[in-house]
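There are 4 protein chains.
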Amino acid sequence: MHQVYELTLEEAKLMIEAARKKAEEINVLETIAVVDSGGYVIAMERMNKSRVTGPEIAMAKGFTAAGHKRSTHLFNREPNGPVLPGNEAFGIQHMIPGKFATFVGGFPVVVNGEVIGGVGVSGGNGEQDTAVGTAALAALAEHLKNDGHEVITDADIKR
Amino acid sequence: MHQVYELTLEEAKLMIEAARKKAEEINVLETIAVVDSGGYVIAMERMNKSRVTGPEIAMAKGFTAAGHKRSTHLFNREPNGPVLPGNEAFGIQHMIPGKFATFVGGFPVVVNGEVIGGVGVSGGNGEQDTAVGTAALAALAEHLKNDGHEVITDADIKR
Amino acid sequence: MHQVYELTLEEAKLMIEAARKKAEEINVLETIAVVDSGGYVIAMERMNKSRVTGPEIAMAKGFTAAGHKRSTHLFNREPNGPVLPGNEAFGIQHMIPGKFATFVGGFPVVVNGEVIGGVGVSGGNGEQDTAVGTAALAALAEHLKNDGHEVITDADIKR
Amino acid sequence: MHQVYELTLEEAKLMIEAARKKAEEINVLETIAVVDSGGYVIAMERMNKSRVTGPEIAMAKGFTAAGHKRSTHLFNREPNGPVLPGNEAFGIQHMIPGKFATFVGGFPVVVNGEVIGGVGVSGGNGEQDTAVGTAALAALAEHLKNDGHEVITDADIKR
Chain A
1434 MHQVYELTLE EAKLMIEAAR KKAEEINVLE TIAVVDSGGY VIAMERMNKS
1484 RVTGPEIAMA KGFTAAGHKR STHLFNREPN GPVLPGNEAF GIQHMIPGKF
1534 ATFVGGFPVV VNGEVIGGVG VSGGNGEQDT AVGTAALAAL AEHLKNDGHE
1584 VITDADIKR
Chain B
1434 MHQVYELTLE EAKLMIEAAR KKAEEINVLE TIAVVDSGGY VIAMERMNKS
1484 RVTGPEIAMA KGFTAAGHKR STHLFNREPN GPVLPGNEAF GIQHMIPGKF
1534 ATFVGGFPVV VNGEVIGGVG VSGGNGEQDT AVGTAALAAL AEHLKNDGHE
1584 VITDADIKR
Chain C
1434 MHQVYELTLE EAKLMIEAAR KKAEEINVLE TIAVVDSGGY VIAMERMNKS
1484 RVTGPEIAMA KGFTAAGHKR STHLFNREPN GPVLPGNEAF GIQHMIPGKF
1534 ATFVGGFPVV VNGEVIGGVG VSGGNGEQDT AVGTAALAAL AEHLKNDGHE
1584 VITDADIKR
Chain D
1434 MHQVYELTLE EAKLMIEAAR KKAEEINVLE TIAVVDSGGY VIAMERMNKS
1484 RVTGPEIAMA KGFTAAGHKR STHLFNREPN GPVLPGNEAF GIQHMIPGKF
1534 ATFVGGFPVV VNGEVIGGVG VSGGNGEQDT AVGTAALAAL AEHLKNDGHE
1584 VITDADIKR
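Chains as they are written, first to last, in the working numbering: chain A, 1434 to 1592; chain B, 1434 to 1592; chain C, 1434 to 1592; chain D, 1434 to 1592.
Read the hints as simulated data drawn from the structure, not as lab findings.
Just to be clear, a hint being listed does not mean it is correct.
No distinction is drawn between identical chains; accordingly, a pair holds when it is met within one copy or between any pair of copies.
Here are the simulated DSBU-like pairs of lysine-lysine, each with C-alpha atoms no more than 30 angstroms apart in a straight line [said to hold, decoys possible]:
#: 1; residue 1: 1482; residue 2: 1578
#: 2; residue 1: 1482; residue 2: 1591
#: 3; residue 1: 1532; residue 2: 1591
#: 4; residue 1: 1578; residue 2: 1591
#: 5; residue 1: 1446; residue 2: 1591
#: 6; residue 1: 1502; residue 2: 1578
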């Protein structure tokens, strides 16, 4: 057997709290989902007046980031994004329908080098969703650093 | 146009907080979702160590309670539950696949006589899910009573 | 709680009536759906002899316009349409399968600055669907102006 | 963060090897899937000449056993099976369509009291699927006992 870390509800809420504060600061209405390594929601919040499409899309972004171990904007970013027409994974965006999100807003939660979850953010443009998602990662990093754990806080994460 | 009330994120979180405390008190691991009148999640939490099937099922219960305006256990309770074999709505449980939950754990949020959302609880047995779900309703009722709003806090709700 | 406006059936029918008249005037066979803020149909009509694919597509357009708060042609219009290959939301069109429409024919219903529903039109080309959909918005604007409500009647709506 | 155990591929193969031997011994053609705590396949084998429906069903059984933390025959066994008409979870079988299996053949993998995966078996009757599935659990128990880990090997598992 392997031993692996798992996010707690308390940590997920701390991440969402930081994300929501960042969203309020930059004035964007977001849904934020924190998921486990299997892509299952631990906690999710949709800000007042934000889109009803938010939860479904935020969950998909979190699932994809955690499950495919990649920031979701790395799938479709020019020129090498693998899901772009002409590139070799063009078509993978149709797999696992409704759950495989290959555009900006999903970020893996990587602790001590291992993906243990994901954050999905839906509601803003790419820059906004990225600011909000990485705020969640930064809050977790801050929270865990005293115990000697390292969390990746960059936007571009690929395992 | 009609004017209708809408739950805020703050109210949804207050409901989840009360529900989670009740779950801790009666020692059961639950996922709790609070949804709006369209069945879309406002906030959701999955307790540590609880089932990964929780979010999907809790969301379905909340959706059905809000959207069909009925506590979900009223669908399948003996002897008149309409989805029981021999009763006239037997089969409705296959509609809107994956989202129409016709068993215990979903409760409409009724404010001043109107359904404005739902609570879905998944993880315990019927008695436990009901205790947790109605704790959420009671917390909302307490919170809104000073403003003169009435919230139904019974388990059996049908509009 | 927040208080929000909700379209009535009478208003939805008035919108459809205006849309259908416009369709007859420009000689195109359309299905027209008016949906609420959660994307659920309030009223829908399919003109004689029009396509059987109309209802499913018109509902998707209305859902997306209402739920994502954007005219659906703004998703795919050159050169900045966010779902075009190379742009940042390329891939969002695969979310919420069968319901997320990212091409011309869906328009949010915005009253006093808030999205309270959507209109989805399917059957014609882009110019025709737009003429029909905005006719529905204009009819609502006319109907509500005496009560001091403002309705956006432009084709390009983004919240 | 919590720390949890995770099955390795080597352990999953060892479980399948034992299960397949049992199937050969009792002369039944089976598909056997071993999944992780999120219900995702670690390893799967379909015996020569066995049914093509096997993989989909075995995966669903493994998913449900792991994700809902219960041997799948406990859902529908007379008289207390919760999904039987008249019992309180009648209807849960329609959740997570195609993945939630509420009949014999799925068994949680419980190590030191925690569910860390599941085994799904499809191809035989209930007695056969149970013999094959519990053979997998017994093999894992044997393998891990020298390291001081306890694995539940009964057929009836409920957390």
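Status of each hint after checking the structure:
1. 1482 with 1578: Only across copies: residue 1482 and residue 1578 sit 24 angstroms apart there, 35 angstroms inside one copy, limit 30 angstroms.
2. 1482 with 1591: Classified as between; 14 angstroms across copies, 33 angstroms inside a copy.
3. 1532 with 1591: both (19 angstroms within a copy, 25 angstroms between copies)
4. 1578 with 1591: The answer is within: 21 angstroms in one copy meets 30 angstroms, while 37 angstroms across copies does not.
5. 1446 with 1591: both (24 angstroms within a copy, 29 angstroms between copies)
6. 1502 with 1578: Within. Shortest intra-copy distance 22 angstroms satisfies the 30 angstroms Cα cut-off; inter-copy 33 angstroms does not.
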